[in-house]
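Engineer: Here is what each chain is made of, one letter per residue.
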Amino acid sequence: MNQPNTDSRTITFAAPGNVLSTTAPLLRTQLTALFDQRAQPFEILEMDLRAARMVDSVGLNLLVWAWKTARSQGARLRVRIASPDIERTFRFTRLSNYIDVVKDFERPDHT
Amino acid sequence: MDRGCILAVDDDPIFLRVIVAALESAGYKVVTASDLASAKAILEEGDIDRFACALIDHRLPDGDGTQVLEWLRPHETGVAAIIVTASGERELMQQSMIGGACNFLQKPVTPWEIRAAVAIALSSTRQRRRAVETQREAQSAARMRERLIEMFVRGDVRVEYRFLPRNELGGDSLNHHHLPDGSDVYMVSDVSGHDLQAAYTSALCQGWMAGLVRSGGAIEAALEGLNARLLALEGEAGSFAVTVLKIDPASKCMTAWNCGGLPPVFVDWWGGVRSMGERSSSPLGWFETMKSTRATTGIPPGPVWMWTDGLESLADSIGASALSVAYALLAAPASELPAWLNWSNDDILTARIWPHSRANFTPPNCFHPLISEECSRRTAETIDSMQRRWKNSLGIALPEIPGDTMHDILLVAREALLNALRHGCYGCETAAFQLLYNPGERVLRVRVSDPGPGHDFGWQASPSDDELPGSRRGLMLIYALASRVSSRRQGAELVMDFILSPDLHIIRNQEAA
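Chains A and B, in that order, are what the protein sequence lines are.
The numbering used here applies: residue 1 is where the first sequence begins, and numbers increase by one.
The numbering used here applies: residue 1 is where the second sequence begins, and numbers increase by one.
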């Protein structure tokens, strides 16, 4: 279960699977609850998407919202991914210019 | 009186004499052997079918009696065997029965018991031989049917087909007739059942239709006449589902009649996947008023696809589209058919008919339909399951497709369909989703169209690189991931092409140009 990390200045949030039009609304609700629970300021919002194999445009909107929310509090968004396909999605939509993407894979991208 | 020839095998000469005496007195002829080797020699040297039964001692000097059963089994002689054992060998008896013996006797045994066991064995032999003969006839008929289909579709027309009957015989059939007026008639039919009766009914109905159509009779009249005759049999002949396709080069039109079958599918001149007529019609033999559908359209540039319901059942069971299964079956060499065919529990027949073709015809490069679906607004809620179906379909049609190519095609397809459902469909309106493949040019095409006024799809990914767009990320993905994008009706119809390299990776915009 996602919990605010009170020992550091990082909030960690893990998505259990793909971030899509069908899953993003619930993820957003959970993320909002996480923000609400956090009393003290944070420096990094880390979203763990290593279980995801696809992020669609609604999922990207969620990430942009998270990025904006973090930025409004002076924090950065860090996203951990394990899929080169998602890395490509971030790159083509320029999201990777704004967020820190931590890649947990080595497979070469063909594009 | 000669009641049949019995082979008796036992190393005990006294017991052999008992057997011979018991059986010859009842009119049987008895051939004897004292060991396994001589028994096999007798069976191998002569006509096995002359034996009506074998009476074999379990314990022989050079082996055991069940080895004779093992030798007999692959020869499909139908000879019933009785294994004779000493008392207390119940386990051996059970093994003998499993090994194919029809009965067993425990020594000591009386002449009456021998005669009674042989009488039962003779009956078993007759039944087995009838079954073997029926099997041979069915295999022979199946070979003839395959030759007939080959013959019907040969000649100056180009038809590719795959016929995979579940048993030797069944009800699915494909037929072609070239008529004096220059038109071609194709009939794809299906009779309920996978047995001799289904095959007979199928042949009878196809013959009836062929006779009338070839003699100039109207197809509708032929269908009505056949319906009346099946009804007169009060269900004994079952029902006959048939789709008839008539291609008339003179009028440049083709017409499909569908009675309980599946409508033919083709790609029209504008690149859209189209079905001819409705799916919800009844087979012949159900109702006095024939409920067929009829549809006429222009002859398309590419092939027309037809199949029977066994293909649809198989597609459902593997979570893929019928079109992708049909494509995969015709693309695979006959000797390397895919393993998922094992999921089939019905006859499978699919055909790809090239309406413009003649002898020595080479199929042109054209798009083949892999998926064609109508999607309501509610599809947006269940799009994940639909996406799994697309993935299965693509994986079946193009088994070598790499993971990144699959991902990008699915993501673009998802974005395009969600966009059409959200912005182009109102109330009960539906969006059309189609996936096609041109193997000659290695182009996968996603077509999505909706009845709405359009979506400004002329938009290009133009915001400056240092700006994070506030919206339209779906469009960004579509334009970035597809090789080329085109639209009609102000974007209400969107065509996204994926040009693939020889190893099926996507060649993007810049590379394609």
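Hints are supplied without guarantee of correctness; some may be wrong.
[Unchecked claim] Some chain A residues close to chain B (C-beta under 10 Å, calculated; not the full set):
id : residue
1  : F42
2  : T89
3  : K103
[Stated by the list, open to error] Quick list of the computed label-pair ranges, beta carbon to beta carbon:
id : chain 1 : residue 1 : chain 2 : residue 2 : range
4  : A       : L34       : B       : W270      : 34 to 40 Å
5  : B       : C428      : A       : A14       : 35 to 41 Å
6  : B       : P399      : A       : Q30       : 26 to 32 Å
These are calculated hints, taken from the structure and not from any lab test.
This structure is a prediction, so every number in the text was calculated from the model and none was measured.
Glycine included, each C-beta is placed from N, C-alpha and C at the ideal position.
Engineer: Against this structure, judge whether each hint is valid.
Structural biologist: Here is how each hint holds up against the structure:
Given the 10 Å rule on beta carbons, the hint for A:F42 is violated: about 21 Å separates it from the nearest Cβ of chain B. The closest approach between the C-beta of A:T89 and any C-beta of chain B is roughly 7 Å, which is under the 10 Å cut-off, so the hint is satisfied. Interface restraint check: A:K103 against chain B, minimum CB-CB distance 15 Å, threshold 10 Å, status violated. At about 50 Å, the CB distance of A:L34 to B:W270 disagrees with the hint of 34 to 40 Å.
Hint check: B:C428 to A:A14, Cβ distance near 40 Å, so the stated range 35 to 41 Å holds. Take B:P399 and A:Q30: their Cβ atoms lie about 38 Å apart, and the range 26 to 32 Å is violated.
When held up to the earlier numbered hints, the structure conflicts with 1, 3, 4, 6 and fits the remainder.
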